Amino acid sequence: MKDIFYFLIFPGFLFTAIIGLLLAWVDRKVTARLQWRVGPPWYQPFADFIKLMGKEVIIPKAGSVFVFLMAPVIGLIAVTLVSVILLLVLIAPGEGFGGDIIVALYLSAIPALSVIIGGFASRNSLASLGASREMKLMLSYELPFIIAVFVPVIISGGIISFSALLDFQRQNGIFLNHISAVLAFVVSIMCAQAKLCLVPFDAPEAEAEIIAGGYIEYSGAALALFKLTRAMNLFVMPFFLTVIFMGANFFLFPIAVIAVILIRNTNPRVRIDQATRFFWGPMTVMAALAAGLALLGY
Amino acid sequence: MSIKVKALTKSLWAFHLATGSCNNCDIEILDLLTPRFDVERFGIVLVGSIRHADVLLVTGVVNKKIAPRLKKLYEQTSKPCLVVAVGACACGQGIFRGGYNTFVPVDNVIPVDVYVPGCPPKPEAMILGVVKAIEKVKSQK
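Each protein sequence line maps, in turn, to chains A and X.
Going by this note's numbering, the first sequence opens with residue 1, and the numbers climb by one from there.
Going by this note's numbering, the second sequence opens with residue 299, and the numbers climb by one from there.
Only chain A is shown next, with the shape it has when bound in the complex:
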């Protein structure tokens, strides 16, 4: 009973969905203000979600029905699990388990995978183009992201559970006091940008050239689930970084979110090959440098 409450209501689905949709509004509002517009009212993402739930779901004739409808559900479940693992550490420190950082890393890759699955299942040429770009982007950012996330693990001497990392930061100060962790944080903010598919790295769903990438054939409730997954990810990814780099400090959490939104609004979209070069070149080198510095104790 307690587990169902954890997964469905408080740290899990409902709470993350509400916070995520509110953050999606913050994103749209800040974007509008930066473009000298007024922007939507606070309930806009909720209205979008309810409207999409009430619309007709169209299944493409040539696509695979089961996979097409399963893809958004898989992504939603994965992001819910990540949020439960992350938030349980805060409200019930004893509930975590050893190695939950690794589990969260794997689960946080699944929303992107679900876009790939859905894109290929809809059998639309633009959707499969978007899915193939998403795949290339995933191959690019996962390597530097994992190296960067393991910098705090190296600093703390091999702790791989969130609650132990938080305890370590409570006793010794947050990891961002170390120069290696600052480098790793910059790398992981960039990778979070690509994981959230926001503007410098939004080639998989470029509106102007491939319409909406993997989402192109989705409508109604299936699209609503994808939008919800994205909104929840907008909360979960910065929060993940806050937990491992800043000791889950609630005053530092807005900094991570605002950094993501500002990067999104001040950069043009890069091509997919430029994104891959960026992540495999400077970002991986920087992450490796951070890991080396962390090994030396900085």
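No wet-lab data here; the hints were simulated from the structure.
These figures come from a predicted structure and were not determined experimentally.
Built from N, CA and C at the ideal position, the CB exists for glycine as well.
Each statement offered as a hint is correct.
Once the Cα atoms are required to be at most 25 Å apart in a straight line, the calculated SDA-like pairs of lysine to any residue come out as:
#  : chain 1 : residue 1 : chain 2 : residue 2
1  : X       : 302       : A       : 57
2  : X       : 302       : A       : 39
3  : X       : 434       : X       : 311
4  : X       : 302       : A       : 76
5  : A       : 29        : X       : 304
6  : X       : 430       : X       : 343
7  : X       : 308       : A       : 31
8  : X       : 308       : A       : 33
9  : A       : 61        : X       : 366
10 : X       : 434       : X       : 331
11 : X       : 302       : A       : 46
12 : X       : 308       : A       : 26
13 : X       : 304       : X       : 435
14 : X       : 369       : X       : 401
15 : X       : 430       : A       : 46
16 : X       : 377       : X       : 303
17 : X       : 434       : A       : 56
18 : X       : 377       : A       : 58
19 : X       : 304       : A       : 58
20 : X       : 302       : A       : 22
21 : X       : 377       : A       : 65
22 : X       : 370       : A       : 209
23 : X       : 377       : A       : 43
24 : A       : 136       : A       : 230
25 : X       : 430       : A       : 220
26 : X       : 369       : X       : 438
27 : X       : 304       : A       : 28
28 : X       : 308       : A       : 25
29 : X       : 302       : A       : 28
30 : X       : 370       : A       : 123
Not the full set, but computed from the structure, chain X residues with beta-carbon under 8 Å of chain A:
#  : residue
31 : 301
32 : 302
33 : 305
34 : 308
35 : 309
36 : 333
37 : 336
38 : 338
39 : 339
40 : 341
Add chain X to chain A, keeping to what the hints say.
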């Protein structure tokens, strides 16, 4: 009014469909998204995929090539979907009436909910058209 209709009126996603227009109406439609008018205040955004659309903004005179495609595109939208005919050409073929390649007005191909006349209509007129569409949805349900 049910919550579904309420949500629909608060979040209309528009798809911009040019059926052989001179691009004048299309430029005026894009004006709606600029800081001066900013229809995102009312939840209206332009979407790229026809599957996501709640409103079809049809501009231009429907020529012979595009008439079957217009019908097909309308069938591909997920219902409920409103259709707004923007500009004199879409409302009644305008100065191209009786031309060798013009076929029929938009409302002979797909059902049109709101007409916004003008060549091109002002952005204020288009906002009024969207308000009329919202009122129509509210009165139907």
